[in-house]
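Asker: Just need the whole structure built from these sequences, with the hints factored in.
Chains as they are written, first to last, in this note's numbering: chain A, 1 to 190; chain B, 191 to 307.
Hints listed in this document are in silico derivations from the structure and should not be mistaken for laboratory results.
Please note: incorrect hints may appear among the correct ones.
What the hints assert, rightly or not - The calculated SDA-like cross-link candidates involving lysine to any residue, where the alpha carbons are at most 25 Å apart (straight line), are:
1. K261(B) to R44(A)
2. K257(B) to Q23(A)
3. K257(B) to R19(A)
4. K279(B) to M60(A)
5. K270(B) to R58(A)
6. K54(A) to R273(B)
7. K257(B) to W6(A)
8. K270(B) to G48(A)
9. K266(B) to A39(A)
10. K261(B) to R8(A)
11. K54(A) to R249(B)
12. K257(B) to R9(A)
13. K261(B) to L5(A)
14. K257(B) to P4(A)
15. K257(B) to M60(A)
16. K270(B) to E16(A)
17. K266(B) to A37(A)
18. K266(B) to A43(A)
What the hints assert, rightly or not - Each pair of labels, with its calculated beta carbon distance range:
19. R288(B) to A50(A): 30 to 38 Å
20. R8(A) to L292(B): 36 to 44 Å
21. A90(A) to W216(B): 54 to 62 Å
22. L230(B) to T35(A): 17 to 25 Å
23. W216(B) to S83(A): 53 to 61 Å
The beta carbon of each residue, even a glycine, is placed where N, CA and C say it ideally should be.
Below are the chains, spelled out letter by letter.
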Amino acid sequence: MRSPLWRRRQDDDLDEELRGHLQMAVRDRRERGETAAQAEQSARRELGNAGLVKEVTRDMWGWNSLERLVQDLHYGLRMLVRSTSYTAIAILTLALGIGANTALFSVVNGVLLNPLPFPEPNQLVTLHENKPNFEGGSVSYPNFLDWQRENHTFSSMAISRVYAFSLTGAGQAEQVSAELISSDFSRCSA
Amino acid sequence: MKKRYQNRIELLQGTLDLLILQTLQWGPQHGYGISHAIRLNSGEVLEVETGSLYPALHRLEREGWIKSEWKVSENKQRVKQYRLTVSGKKQLVSERSRWAQLSVAIAGILKPATMGE
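Answerer: Below is the structure:
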């Protein structure tokens with residue numbers, strides 16, 4: 001890789017090269033009888049814009065792709081820091097875009113790519129019992145038995161309850177989350 | 191002075207490379223010497239701008255056709271000299287034949303017009 005050191009040396013070389021060019025032009029003109037001031041002025045005019053000459057010459061050295069990437073990143077960062085409101089809008093736009101995409105993908109992933117591993121998962125429903133000031137509450141087991149007995153709508157009904165167990169033995173005890181299910185649970189997913 | 195400038199011809203793109211390589215055929219030379227030689231040998235018609243000369247020299251060096259070296263001149267001045275490399279000599283031959291082709295082609299186009307057809 002061409003180091004910054006290499007570039008600085010190239011820069012110094014180019015400076016000296018152009019300085020030498022100017023000196024030789026001045027010397028030639030003085031030998032032809034021009035005064036020192038005249039020669040200097042004409043030679044400088046002939047050389048043109050030294051800064052521009054250096055710039056177009058430097059372009060020939062070529063940047064390697066990594067240097068160019070670093071330069072572009074620096075430039076980008078500088079511009080972002082300079083215009084904070086633009087940056088904020090850009091970040092917000094990105095965040096919203098990424099968020100919306102993630103959300104959409106989660107749905108697509110769940111519904112289309114990884115559907116439930118049961119036949120006709122669209123017929124599965126969850127039932128809750130609504131009480132005054134308590135929506136989606138749990139169902140008491142005797143109530144469930146009544147529902148099951150009088151059911152004409154569903155092909156089968158089952159009940160479950162979240163439970164937790166303590167797993168002990170060698171080492172520290174651990175809590176294991178579990179689910180209590182009624183015996184007809186497997187019939188619902190078959 | 192101004193008239194002399196008007197008589198000068200803008201160099202065709204790619205021609206400068208040929209002129210530089212051709213000039214270096216006679217031996218190593220620094221940038222100022224090259225521009226001086228081109229002006230002199232063209233009868234003061236072709237003037238190479240520094241803004242074209244140095245980019246061209248550095249580009250040719252990158253192509254490997256010429257090689258630079260810092261030398262101390264007779265005037266005890268450090269100068270950067272360019273010399274033709276082996277691949278530069280080959281490039282000179284191919285650019286010369288390209289130029290010959292081009293001038294024949296242009297002459298062919300101009301011929302009917304001068305004959306008044």
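Asker: If a hint holds in the structure, say so; if it doesn't, say that too.
Answerer: Each hint, compared with the structure:
no.: 1; hint: K261(B) to R44(A); in the structure: 23 Å, holds
no.: 2; hint: K257(B) to Q23(A); in the structure: 22 Å, holds
no.: 3; hint: K257(B) to R19(A); in the structure: 20 Å, holds
no.: 4; hint: K279(B) to M60(A); in the structure: 21 Å, holds
no.: 5; hint: K270(B) to R58(A); in the structure: 16 Å, holds
no.: 6; hint: K54(A) to R273(B); in the structure: 21 Å, holds
no.: 7; hint: K257(B) to W6(A); in the structure: 17 Å, holds
no.: 8; hint: K270(B) to G48(A); in the structure: 20 Å, holds
no.: 9; hint: K266(B) to A39(A); in the structure: 20 Å, holds
no.: 10; hint: K261(B) to R8(A); in the structure: 20 Å, holds
no.: 11; hint: K54(A) to R249(B); in the structure: 13 Å, holds
no.: 12; hint: K257(B) to R9(A); in the structure: 17 Å, holds
no.: 13; hint: K261(B) to L5(A); in the structure: 22 Å, holds
no.: 14; hint: K257(B) to P4(A); in the structure: 22 Å, holds
no.: 15; hint: K257(B) to M60(A); in the structure: 15 Å, holds
no.: 16; hint: K270(B) to E16(A); in the structure: 9 Å, holds
no.: 17; hint: K266(B) to A37(A); in the structure: 22 Å, holds
no.: 18; hint: K266(B) to A43(A); in the structure: 20 Å, holds
no.: 19; hint: R288(B) to A50(A): 30 to 38 Å; in the structure: 33 Å, holds
no.: 20; hint: R8(A) to L292(B): 36 to 44 Å; in the structure: 41 Å, holds
no.: 21; hint: A90(A) to W216(B): 54 to 62 Å; in the structure: 59 Å, holds
no.: 22; hint: L230(B) to T35(A): 17 to 25 Å; in the structure: 24 Å, holds
no.: 23; hint: W216(B) to S83(A): 53 to 61 Å; in the structure: 57 Å, holds
Violated hints are absent here; each numbered hint is respected by the structure.
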